[in-house]
Amino acid sequence: GAVVSQHPSRVICKSGTSVKIECRSLDFQATTMFWYRQFPKQSLMLMATSNEGSKATYEQGVEKDKFLINHASLTLSTLTVTSAHPEDSSFYICSAREYGADGLNQPQHFGDGTRLSIL
Amino acid sequence: AQSVTQLGSHVSVSEGALVLLRCNYSSSVPPYLFWYVQYPNQGLQLLLKYTSAATLVKGINGFEAEFKKSETSFHLTKPSAHMSDAAEYFCAVSAPPAGNQFYFGTGTSLTVIP
Chain A
1 GAVVSQHPSR VICKSGTSVK IECRSLDFQA TTMFWYRQFP KQSLMLMATS
51 NEGSKATYEQ GVEKDKFLIN HASLTLSTLT VTSAHPEDSS FYICSAREYG
101 ADGLNQPQHF GDGTRLSIL
Chain B
1 AQSVTQLGSH VSVSEGALVL LRCNYSSSVP PYLFWYVQYP NQGLQLLLKY
51 TSAATLVKGI NGFEAEFKKS ETSFHLTKPS AHMSDAAEYF CAVSAPPAGN
101 QFYFGTGTSL TVIP
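Protein chains in written order, with my numbering: chain A, 1 to 119; chain B, 1 to 114.
Pulled out of the complex, with its shape left as it was, chain B reads as follows (with noise of 0.2 Å):
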């Protein structure tokens, strides 16, 4: 069975500051790893996607993720804040035998303090 876990479910920066948001998977297989942004009242939006190419996987919005296996990680990282960054962020993991189902974590409610 997959399944994700988020760290905090409420994180708060200082416009300019370091983001970082946890999120650890489980599974036997090796998997398929995605982050979503989600603004309110809106659907959610692929920030970036690990397919087992390169472990550290860029996104839009200046947003990265390093796929680490011995930790079971995917945490993902921007470098410096914008407030345009303020959101709820959900990490997922797809992988056999589960098909096309997507296990989504918690989410992250990102704050961005000008």
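Just chain A, with the same shape it has in the complex (with noise of 0.2 Å):
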């Protein structure tokens, strides 16, 4: 099945500091990977769509400055928290859906998730 490998999977790191994640799709080509937030015991919120070779779509509130996207490859896509500040402190999950699928009946596949904590 879809592989997508998220890393690191934890994070500990001083206020300021800028953290990237990295999301591969490792057996399937992805023109579009999403990246998650998600708090304790709720749901996930989509940050932002990451697309190949062109710009991400920030979801409305989500400041784009904050938090850098770049999808520079059919299987690679980063996030860069940029000078973290606790209130960044939270568990990121990224997903990935395969290049070429058909329509909307397609599964994302997802990362195993990176705890950030920002001290």
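Hint data in this document are derived by calculation from the structure and do not stem from the laboratory.
Please read all numbers here as calculations on a predicted model, not as lab measurements.
For glycine and all other residues, C-beta sits at the position ideal for the given N, C-alpha and C.
The reader is advised that the hints may include incorrect statements.
Which stretches of chain A does chain B cover? Using the computed rule of at least three CB atoms under 8 Å from a CB of chain B, they are [stated by the list, open to error]:
no. : segment
1   : 38-50
2   : 112-119
Label pairs and their in silico Cβ distance ranges [unchecked claim]:
no. : chain 1 : residue 1 : chain 2 : residue 2 : range
3   : A       : S117      : B       : Y39       : 17 to 25 Å
4   : B       : A54       : A       : P86       : 45 to 53 Å
5   : A       : S54       : B       : P114      : 46 to 54 Å
6   : A       : K55       : B       : T5        : 26 to 34 Å
7   : A       : P86       : B       : S3        : 28 to 36 Å
8   : A       : T57       : B       : K69       : 29 to 37 Å
9   : B       : G16       : A       : S18       : 46 to 54 Å
10  : B       : L18       : A       : L26       : 45 to 53 Å
11  : B       : Y39       : A       : K20       : 24 to 32 Å
Take each chain as given, in its own frame, and dock them per the hints.
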């Protein structure tokens, strides 16, 4: 089955540090990847849609300059949390859909998430 | 616009009992519906999906769901709960004109009592 690898799984760093999270589709090509944020005991909140070779589409209320997204290839998207502060601490999850998938009936395949803790 | 509602944020069942997790959707066009499971500190794993073929969909780990258009529902069931089924379950919908975007429910936490 389709596998999405997300790295790192956990990050603990000081306030003001920038943190990069990678999301890779291992056995398929993904023109579209998604970045979510999940607070404890809550559902996933879509932050942005990452499109290969073009700018990401951010959801309302998500700071583009704070959460930088790059989707440079069909198998890799990165999320950089710039100048992270304690309020950015959260569980971040990426997902990907297969390139060329027919229509909207294709599922999203999820990475294992990144637990970000800013001290 | 599309949305899903999961009734019951917490469900507890005894081991061996029937599992029923509820999901109702709202969509002005035929939707595609998905159930995912999330274990602690992990991403989401696809259990099953409805894509306008058979209304009764069988998934992994013995789960199945039935699409009922008249009730706008897509409830998840399993005849006999195992301890390993304890997790968070999310229902999601995808439909035009949202394109690739999924809309997730708020999740249901399943506890299995030995």
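A quick look at each hint next to the structure:
1. 38-50: holds (count 6)
2. 112-119: Contact hint for the segment 112-119 of chain A vs chain B: holds, 3 residues under 8 Å.
3. A:S117 - B:Y39: 17 to 25 Å: 20 Å, holds
4. B:A54 - A:P86: 45 to 53 Å: Roughly 48 Å apart at Cβ, these two residues keep to the hinted range, so it holds.
5. A:S54 - B:P114: 46 to 54 Å: 51 Å, holds
6. A:K55 - B:T5: 26 to 34 Å: 33 Å, holds
7. A:P86 - B:S3: 28 to 36 Å: Between P86 of chain A and S3 of chain B, where Cβ atoms are some 32 Å apart, the hint holds.
8. A:T57 - B:K69: 29 to 37 Å: For K69 of chain B against T57 of chain A, whose Cβ atoms are near 31 Å apart, the range 29 to 37 Å holds.
9. B:G16 - A:S18: 46 to 54 Å: About 50 Å separates the Cβ atoms of G16 of chain B and S18 of chain A, which means 46 to 54 Å holds.
10. B:L18 - A:L26: 45 to 53 Å: 36 Å, violated
11. B:Y39 - A:K20: 24 to 32 Å: For K20 of chain A against Y39 of chain B, whose Cβ atoms are near 25 Å apart, the range 24 to 32 Å holds.
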